[in-house]
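Numbering-wise, the sequence shown is residues 1 to 376 according to our numbering.
Because the hints were derived from the structure by calculation, they are not lab data.
Note that beta-carbon positions come from the ideal geometry of N, C-alpha and C, so glycine has one too.
Some clues are possibly wrong.
Unchecked claim - For lysine-lysine, the following DSBU-like pairs were computed, each having C-alpha atoms within a straight-line distance of at most 30 angstroms:
{"#": "1", "residue 1": "LYS15", "residue 2": "LYS39"}
{"#": "2", "residue 1": "LYS201", "residue 2": "LYS114"}
{"#": "3", "residue 1": "LYS39", "residue 2": "LYS114"}
{"#": "4", "residue 1": "LYS234", "residue 2": "LYS201"}
{"#": "5", "residue 1": "LYS201", "residue 2": "LYS169"}
{"#": "6", "residue 1": "LYS174", "residue 2": "LYS234"}
{"#": "7", "residue 1": "LYS48", "residue 2": "LYS15"}
{"#": "8", "residue 1": "LYS56", "residue 2": "LYS15"}
What the hints assert, rightly or not - Per label pair, the in silico range of CB-to-CB distance:
{"#": "9", "residue 1": "LYS204", "residue 2": "ASP225", "range": "18 to 28 angstroms"}
{"#": "10", "residue 1": "ALA311", "residue 2": "VAL289", "range": "50 to 60 angstroms"}
{"#": "11", "residue 1": "ALA8", "residue 2": "LYS204", "range": "11 to 21 angstroms"}
{"#": "12", "residue 1": "LYS204", "residue 2": "ASN27", "range": "42 to 52 angstroms"}
{"#": "13", "residue 1": "ILE369", "residue 2": "PHE229", "range": "13 to 23 angstroms"}
{"#": "14", "residue 1": "ILE369", "residue 2": "TRP290", "range": "13 to 23 angstroms"}
{"#": "15", "residue 1": "PHE262", "residue 2": "VAL370", "range": "27 to 37 angstroms"}
{"#": "16", "residue 1": "LEU362", "residue 2": "ALA311", "range": "30 to 40 angstroms"}
{"#": "17", "residue 1": "LEU235", "residue 2": "TRP359", "range": "21 to 31 angstroms"}
{"#": "18", "residue 1": "ASP225", "residue 2": "VAL14", "range": "28 to 38 angstroms"}
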Amino acid sequence: MANPEHLAKLKEGVKAWNDWKKAQGDNFVADLSEANLEKRELPGINLKNANLQKAKLYYANLQDANLFEANLREAYLGFTNLQKAVLMSAFLQGAFLNANNFHEANLKFAKLQKADLHGSNLQEAKLDYTDLQEAKLRFTKLQKAHLMSANLQGAVLRETNLQDANLFKANLQKADLGGTNLQKADLRFSDLTNANFTNIKIHKTKLHNIKIDEQIHPVLNDGSDTIIFHWRDKLLNWSRLRAIGQFPLFGVSWVALGFSIFVLSNVDLINTELMEFIDNPIPIPGRMVWLLISSILLVIGSTLYKTVCPARVQEFSETQWVEQHRHPRLLYIAEKLRRRWVQWPTLITTVSGGLIALWLVLERLIKVIVYLLTTH
């Protein structure tokens, strides 16, 4: 139960409380356990190290409050305003935190195991190294939240908005990410072993070096086959470019480029040598110029594909990777969406060069056919 003296002092207002608490010294622990503080206006209050276990704080205003290392185990904070509050290293295990406003709050190193944060606003909140094991985070807003190295093992994140969130090296083992928006989120080096990816939304999501234990991961029923891609990623990715990359364009284009340069340089050399003896120099064949342009474009496109496209995508199709070799689909997806800025130049140069080469071949073929038809 709360200390009556402490409760009485709190009723005097935030300024009186803060002055009194400062006079008590840094090690003073205010006892407000099980106190009923519903709808109280306490912006900027200093509750550092305070014992608020099982306290009722529904609809309370704790904006800019200092709750550093406060004990809020099993506390009730539904619809509480904690915007920009400091909750570093606070103890919130088992707390009821539904629909709270944690916008820009500092929760680094906080203990939130099994806490219920359903529908809360955690946009731009600092949750680095925070323990959220088995926490309920369904429908929470975590846009631009900082969750670097956070422990989200077994957490429920269904329908959560993690757009632009930093989850670098986060532990997401067995986490339920069904329907989560992970667009532009940073998941590099995060552990996603046995996580559920059903209907997650990804676009410009950083998935490099994610960890998935391939020995125990249910690669065919992890929900990754239902991932919702942004239309741009559907339109173009390395897996689609693989269809072009299967042709031996790299070697052929370099040979064609060398041949074009050889012919054109020799024509120029002959004209230089015979300038004194001939009135009209040998014209440069128009087709050779187009062949040179085509070769240059194909060399650029095929070289980009050969050097930038991930080796995993070059070697396997997605179906081969998952169904034949039984590897996690998400590892393949992470590779096929890498280095997006190179994909369009690769496509444009390869297709342009290929179309020019096709036009040269068809033009010659049509002339041969017309010649054969007119001579018989």
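Could you see if the CB distance from LYS204 to ASP225 stays within 18 to 28 angstroms? Check passed, 21 angstroms falls within 18 to 28 angstroms.
Is it true that the C-beta distance of ILE369 to TRP290 lies inside 13 to 23 angstroms, as the hint says? 20 angstroms, holds
Does the hinted range 28 to 38 angstroms hold for ASP225 and VAL14 at CB? Violated, at about 54 angstroms.
Holds or violated: LYS48 to LYS15, with C-alpha atoms at most 30 angstroms apart: 15 angstroms, holds
Take the C-beta atom of ILE369 and the C-beta atom of PHE229, compute their distance, and say whether it sits inside 13 to 23 angstroms. 45 angstroms, violated
May I ask you to test the hint 42 to 52 angstroms on the CB atoms belonging to LYS204 and ASN27? 48 angstroms, holds
Straight-line alpha-carbon gap LYS234 to LYS201, limit 30 angstroms: 12 angstroms, holds
Pairwise hint evaluation, LYS169 against LYS201, where the allowed Cα distance is 30 angstroms at most: Distance of about 20 angstroms is within 30 angstroms: holds.
Starting from the hint 11 to 21 angstroms, judge whether the C-beta atoms of ALA8 and LYS204 obey it. Since the Cβ atoms of ALA8 and LYS204 sit about 55 angstroms apart, the hinted range of 11 to 21 angstroms is violated.
Does LYS15 sit within 30 angstroms of LYS56, going by the straight-line distance between their CA atoms? Within the cut-off at roughly 21 angstroms; holds.
For the hint 27 to 37 angstroms, verify it against the beta carbon of PHE262 and that of VAL370. 30 angstroms, holds
Does the structure keep LYS39 and LYS114 at a Cα separation of 30 angstroms or less? 25 angstroms, holds
Hint check: violations occur at hints 10, 11, 13, 18; the rest are consistent with the structure.
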